[in-house]
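A.B. asks: With the numbering used here applied, the sequence shown covers 3 to 168.
If you're looking for bench data, these hints aren't it; they were derived computationally from the structure.
Among these hints, one or two may not hold up.
[Claimed, not checked] Think about it this way: if two alpha-carbon atoms lie no more than 20 Å apart in a straight line, the pair counts; the simulated DMTMM-like pairs of lysine to aspartate or glutamate are:
| id | residue 1 | residue 2 |
| --- | --- | --- |
| 1 | K161 | E136 |
| 2 | K161 | D99 |
| 3 | K45 | E18 |
| 4 | K24 | E121 |
| 5 | K78 | D134 |
| 6 | K161 | D29 |
| 7 | K24 | D134 |
| 8 | K24 | D99 |
| 9 | K45 | E71 |
| 10 | K78 | D68 |
| 11 | K45 | E136 |
| 12 | K45 | D68 |
| 13 | K24 | D162 |
| 14 | K45 | E121 |
| 15 | K161 | E74 |
[Unchecked claim] Here are the in silico distance ranges between beta carbons for each label pair:
| id | residue 1 | residue 2 | range |
| --- | --- | --- | --- |
| 16 | K24 | R152 | 38 to 48 Å |
| 17 | G103 | L151 | 29 to 39 Å |
| 18 | G40 | A7 | 20 to 30 Å |
| 19 | Q82 | T4 | 48 to 58 Å |
Cβ coordinates follow ideal geometry from the N, Cα and C atoms, glycine included.
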Amino acid sequence: MTLRAPEPLAAQHRLEGFDCGKPALNDWLLRHARQAQGSGSAKTFVVAEDDGRVAGYFSLTVGQVDTLEAPERIRKGMGQYPLPVVILARLAVSVADQGRGIGFGLLQDSIRRTMLIAEQAGIRAMLTHPIDEEATRFYTRFGFIASPLREQQLLLLLKDARRWVR
C-alpha cells in the first residue's frame, strides 16, 4: 500500500497494532495521542496507508528552556531570557516500516511545521528528549546538540534546521 504524506491525527487513523519496538511510544500513541490532540496540549501527525493503518508519527508542542540549559551556540545573543522552543515530543516508526526513510521524512515534516510556527511566533530552536541511545544517535546525525545541563535533552537551532527542509 501507498503511504500518504504526514497529516494531523484524525478519527480514520487506525492506531491499534502500531508497534515501533518501544513500548512507551506505542502506549502514548494508543492511549494519549487523541486526548492530547483534543485538549490542544500536543499535536500529532501521522503517516498512514490508504486504509488508515499508521506507519509512523510525531508529536509537537511548545515550551521554553532556561538559558543555562541550552548549548552556548543556541543561547548566544538571547540574554538571560528563557528560550522559546518547539518540542518534538515523540517520533516513532512501526517496526514493519523501519528502514524506508520514514523517520527522516517525519523529522523533515516536523522541522517544516516548526518553521511555519516560527514565522508567526518567536521560536529559537527545536528540542527533543530521546527515549534511548538509538534515538540520540538518530537526532545527532541531523545536528541536534546536547544540553550542557540535561543529559537527555537535545536542541537544534532553527537556522541549522533549515538545511534539512530545502
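A.B. asks: Confirm or reject each hint.
C.D. replies: Against the structure, the hints come out as follows:
1. K161 - E136: Outside the cut-off at roughly 25 Å; violated.
2. K161 - D99: Violated: K161 and D99 sit about 30 Å apart, past 20 Å.
3. K45 - E18: holds, 19 Å
4. K24 - E121: violated, 34 Å
5. K78 - D134: violated, 28 Å
6. K161 - D29: The given pair, whose Cα atoms are some 33 Å apart, is violated under the 20 Å limit.
7. K24 - D134: holds, 10 Å
8. K24 - D99: holds, 14 Å
9. K45 - E71: With Cα atoms ~25 Å apart, K45 and E71 exceed 20 Å; violated.
10. K78 - D68: holds, 13 Å
11. K45 - E136: violated, 24 Å
12. K45 - D68: violated, 23 Å
13. K24 - D162: At roughly 29 Å apart (the allowed maximum being 20 Å), D162 and K24 break the hint.
14. K45 - E121: Holds, at about 18 Å.
15. K161 - E74: The hint holds at about 15 Å.
16. K24 - R152: 38 to 48 Å: violated, 20 Å
17. G103 - L151: 29 to 39 Å: Since the Cβ atoms of G103 and L151 sit about 33 Å apart, the hinted range of 29 to 39 Å holds.
18. G40 - A7: 20 to 30 Å: Holds: the Cβ-Cβ distance is about 23 Å, inside 20 to 30 Å.
19. Q82 - T4: 48 to 58 Å: holds, 50 Å
Violation of the numbered hints given earlier is confined to hints 1, 2, 4, 5, 6, 9, 11, 12, 13, 16; the remaining hints are satisfied by the structure.
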